[in-house]
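J.: In case you want the letters, here they are:
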Amino acid sequence: MVTYIVRRLLYSIPVLFAASVLIFFSVTAVGDPLAALRQNPLFSKQTIHNIEVRNHLNDSLPRQYVYWLKSAVTDKFGSPLLQPGVKIWQDLERVIPHTLQLVFLAEILALLVGVAIGVYSAIRQYSIFDYAATTFSFLGFAMPVFWLALMLQILFTNIFIKWHVRIFYTSGLSSPDPGGGIHFWIDRLQHLAIPAMTLMLLSIAQYSRFMRASMLEVVNSDYVRTARAKGLPERTVTLKHALRNALIPVVTVSALNFGALIGGAVITESIFQLDGMGPYFLGALFSRDAYVVMAWLMVTATAVVAFNLIADVLYGYIDPRIRFD
Amino acid sequence: MHRSHFRLVLGVLVAVTSLIVAGAAGGASKKSTAGSMTFGAEQEPPCLNGFTGGCNNTWTSWTAGIALASPLIVKPDFSIKPYMGTAKVVSTKPFTVLVTLNKKAKWSDGKQVSADDLIFTWKTIVDPKFDIAGRSGWDSISRAVKVNAKAVKFIYSTPYAPYKVQFATSVLPKHALEGTDFNTVWDTNYNNKSGQTMASGPFKLQTYTKGQSIVMVRNSSFFGKRPTLDKITFLFRTNTDTEIQAIRGGEVDAIYPQPQLQLAQLRSQSGLRVQTHAGTTIEHIDINTGAGNSNPLLGQAWFRQAIAYSLDRTGMIKQLYSTLNPGLPTLNNLSYVTAQKGIYVAHFAKYQISNKAKRLAKVAAIMKAHNCTKGSDGIYSCGGEKASVRLGTTSGNKLRELAVEILQAQAKDAGIQFRADSQPSSLFFPRISTNKYDLALFAWVGTGDPAGQVDIYGCADDKTADNPNGYGGSNWKGYCKASVTNALKASDAALNPKARINLVNKADAIMANDVPTIPLYQKPTYFVFKTKLKGLVDNPTLQGPTWNTEAWKAG
Amino acid sequence: MVGAGADGATISPATPGAAVVADLPDGIDLVHEHGLELKSRSQWAYARKRFFRHRLAMVSLLVLAIILLAGVFANVITPYRFDAQDFEHSGQAPTLKAHHFFGTDVLGRDYFSRVVYGIRTSEKVALIVTLVSTILGTIIGAVAGYYSGWVDNILMRFTDLILTLPGLAVLLTAAAFLGTGNPIRVAFILALLFWTGLARIVRGSFLSLREKEFVEAAKAAGSGDLRIMLRHMLPNAVGPIVVNATLIVGIAILTEASLSFLGFGIQPPNPSLGKLIADGQDVSSSMWWLVTFPGLTIVLIVLCINFIGDGLRDALDPTQRRTRA
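Residue numbers (the numbering used here), protein chains in the order written: chain A, 1 to 325; chain B, 1 to 555; chain C, 1 to 325.
Be aware that a few hints might be false.
What the hints assert, rightly or not - Ranges of calculated distance between the beta carbons of each label pair, as one might list FRET restraints:
#1 A:Glu93 / C:Thr292: 19 to 29 Å
#2 A:Ile13 / B:Gln269: 48 to 58 Å
#3 A:Gly180 / B:Ser157: 52 to 62 Å
#4 B:Gly535 / A:Ala132: 32 to 42 Å
#5 A:Asn158 / B:Ser194: 27 to 37 Å
#6 C:Thr292 / A:Gly316: 25 to 35 Å
#7 A:Asn158 / B:Gly299: 53 to 63 Å
#8 B:Lys225 / A:Leu112: 42 to 52 Å
#9 A:Leu69 / B:Lys129: 42 to 52 Å
#10 C:His99 / B:Ala509: 20 to 30 Å
#11 A:Thr302 / B:Ala291: 13 to 23 Å
As the list claims (entries may be wrong) - If you want the footprint, here are the derived chain A segments under chain B, 3+ residues with CB under 8 Å:
#12 23-35
#13 47-53
#14 132-140
If you are wondering where the hints come from, they were derived from the structure by calculation, not from laboratory data. Just so you know, even glycine gets a beta-carbon here, dropped at the ideal spot from N, CA and C.
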């Protein structure tokens, strides 16, 4: 197992390198980071020239990549192209925890609810609960994120207008003066609640459907039949034997989701003004700031690779028949 | 359901309910103090030093920039008036401007705002080491003469007509910034060398929480009337729908959003006031008359005129803005705005034919005069070339996309086809700045003063390697006419205001016949705030809604 | 679907009073009671019969067919052109007057016509994305899971690479080079990013299945690799594949909506279901029908596909004894 993990980590290095080259070339080759500045006829040409020289923007692409690599290794990813006084690493240190808070909240709740719904739907296949759960999970799934976000914002604003009770906030990470300690965290939860709800609905649909499907397969298998024939209570059969094997696809999907959402639930974080990885990346991408995009990419790529590894290790733990060669 | 599941779900429910109760209790007791307000800022400044290219964003000056006052200020009626000082032309040969600072102007650390600061500001702006965004005017100053502790004479090498706009720039404190790297020193605060925040304006910068807020508190050293508010908190809210819910629910007290259709609902919301005016952002359609376009007909002035005639701009404006700004006027001049009475001349008004039948007849007459025939799909063909061109804008901007769809339908009725080719702005602008388009719908951010128009509409002086056609730096239309260029260049040096206006209008009249650009409208401002706030006045110029924060009152 | 006997034959437990049915390798039913005649059926015919008996799937198939055919014959059934503007009648609620069943939009265009043409565009995009990503993901996952070892390693590292690339950056780059607005191009690019989830799931299933007895038996019987993968393992992995495909259809349509929200979408005046929602949500508080009708259409499509998927999975699972009456 340990050699497997070490070997996987070593294999990740060429993957990360390949990804960095691909993305660097696509971001720099297409589009001009100074386009927005050039549009303004009164913008100083001298300054544009300064920025081009300082950031080697007129060099060949491979040369620019090497400059980036150097600054990434020696200067923690360096500074954005247009703001030489700002440190990218500081920005990342700030935005990553915000995203983690949102993602953990949304995914853990989604897992609990989704798995529970999936298991119960499978056990009571084609019952009213099953149909209702299917329809609701697909309603939640088929709603575009930006529309669902707006509906929830309107709902809670209307509650405040009518009853003057602030249950959850519709935007931002914290109130202007949140206080310290427990007050800060309650305030933070009140701000993250609606975004988490928005994210959750999609995940619940996914997890419940996968759970239901794999439970149905497992519940009809030989060893489950054996367990029943042995006279074990239904609960033990379900939880101890069926569930464990049925979790495999759900484990895959959820580990991948965790990894992917580290890159930020872009639209959710933008709409709710959560200072996270999503908007950070979006701003850099649309202004073609290669250094910020690359730094963001290295962080998210590492997260994705790490969570893939975790998913695979969990496989081996859950299904003892899978051998690692 | 199994008992363990049941207990788990019950536990979660209890936790959530207690959260709600705690939050509700907390929320009810939290109330803003009578002397403070929250402003929803639609963009976050990338950094706080508004002078540098990387931080140069209108919201930088509208939020933290309140702390740094300027000698002159642009008022809502587009006039430029004294604020922290005055600027007077004392000689025309050589062109000399005397800038005098208010006697009471002082920095928040106690030192006077002085002539040294003015000279230091000039030196910093023209310093080639620093990434300064706007140097125009300042780089025409050949020397500065200190008259006394509060006054400086700036002597120019060439006359600079828009000098008033130039002195609506903030003054920098020499003692705090001398010797520092201006590119990085004021990125996240306005501190002097001892860590004290510097301010000459009505409010000073207290905290900047990146990604969340900027907090400004009253500056007791302000030279003018004592500001009534204790504190203004700017919260960044970039999404229009989020802004609307935030102000409805009281999470912010004022917003200044880009106009979007859903904002109309706020007009009927009780407890809110809406102020909207035609702003200085000029929405227009640029026409690529030269290389890079897909249809050679665009090089012919008559064809461009036909396009202009086929559009019912007033009808489009009505469709788009009747709920937001009912009286929004059509813009018929490329350099001045409609509010500038006595200056604005509607040269392009002839192209606005509101009666559909007459409009179609006019286009048909032009087409016929140039031997164009209508095809079976209703689109003209002229000498083998179909009257079909691309029209693009920045996608993602709903009102612009709707404008394109409306214009497509209008042109089609008249027999001209517009094929849409919109893209997100990060792809759109690089494309049009390399002349790869036919018609482009976008905006110039103006000041109401036509300084720099030669860059957009004129020919450049020298043909260089990266500008082989010799067009002005922002002239992506392939349009070069000597008469226009000369008039606009002369206007930048014309010190007599009347002469200046005449020169600009002369160029505009010529362009009204050549139609390299079709003016559409001035994007309206949209200022929404709680009725309990007093003293808030919309300023549609670049000075912005926070031009008079010293007069704001809450409750 | 574990527990199938060798070569797809199934032995079911004897239930008193019922006929004993044994499926022999070439699918001959032997019914011992009442002298009824023998009828030979292949396993796929048996599955087809079970599918047609699944009422919910049949109803969904019908509804889906109606929706899809509406899109195909859009120009026949719509009362107006999708780009005919009529400012006098803009913003009208759904009514029977003048055949504006779904009302009109901000520019006075008939919304029923726009939704139907939107179905046409969206079904093109969704079909391409789902087909290409499902086929690609299944092939890669199957090969990786079956051969294991270094083949698995390389394919999974390649999957990791695709997973680490931020979709938005890839799309922006592709849009710059290929031009936006062409839904088919966008669909292909989306598909190239969507296959990774399925690949990992299929790989997981195949890793599990390759240890099963029937695979060993098939190998011992001399079956080639391809035959084993296609005939024995793939039918058992169909469950998650089908579930995933149904989710992808919905995700494809919704991603297209998000792309429109960010400004990458179809060029006006052409509609797609996603673009209609993105455009309509601005004024959705006063003109609810602009979001509701395309939204409901998406939900309906996704629900139908899901129930069809349920039916397919039930039909293909030889162990599922519970047939839907």
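J.: Go through the numbered hints given earlier and state which of them the structure violates, listing their numbers in rising order.
T.: 1, 4, 5, 6, 8, 9, 10, 11, 14
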